[in-house]
Amino acid sequence: MALWGTPETLRLQLISTDRFQVALDYLERALAADSVEHARIMQIPAGEERRVELSHGVFAMEQTYDSKPLDRGRLEAHQRHVDLQAIVGGHELIRVTGLADLTVTENAFEDRDVCFFEDTAGASSWLMRTGEVAVFFPTDVHMPSLADDESSRVYKTVVKVPLD
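FYI, in this note's numbering the residues of the sequence shown are 68 to 231.
Watch out, some of these pointers could steer you wrong.
Ranges of calculated distance between the beta carbons of each label pair, as one might list FRET restraints [said to hold, decoys possible]:
no., residue 1, residue 2, range
1, H123, A188, 16 to 26 angstroms
2, R147, D168, 17 to 27 angstroms
3, A167, Q110, 17 to 27 angstroms
4, R117, G72, 17 to 27 angstroms
5, D215, D85, 29 to 39 angstroms
6, D215, G114, 13 to 23 angstroms
7, M128, G165, 36 to 46 angstroms
8, T172, D85, 15 to 25 angstroms
9, S83, T206, 16 to 26 angstroms
Simulated from the structure, these hints should not be mistaken for lab results.
Glycine residues also receive a C-beta, built at the ideal position from the N, C-alpha and C atoms.
Given only the sequences and the hints, what does the whole structure look like? Please build it.
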């Protein structure tokens, strides 16, 4: 089941492994306004994404983009990684649902560890604000990067924690 909160609350909810500790330590730095990580993310030009290797196979995708309307979003899930998605600046909607009864539109698990699905009316929407983190496990189908009322600039990092 997907989790949502701050790095502090997620430390209480996630299993304490080296990989999750690496991810949460990085997220605390990325969300701290006076950190090198925060400054680096806030300087990424819109539409760009940068991969940052952490340790224990954990890496982060730091990115800046403008949130998009629902009709441009895609539900996705991953098999080999847990996603920890943090809003460093701005806000966005994220739709979340389970795997049951979804129709696959593109299966790229083998090549890119992602599978896309048709949208469903049964998905819930979360408004993610600056400083908040969502955790998506393989059974959590999610559609990130959505605008709420109108598009806004989003500064984000997605930490990928391998499951192997």
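query: Any of the earlier hints contradicted here, and which numbers?
result: Those not satisfied are hints 1, 3, 7 and 8.
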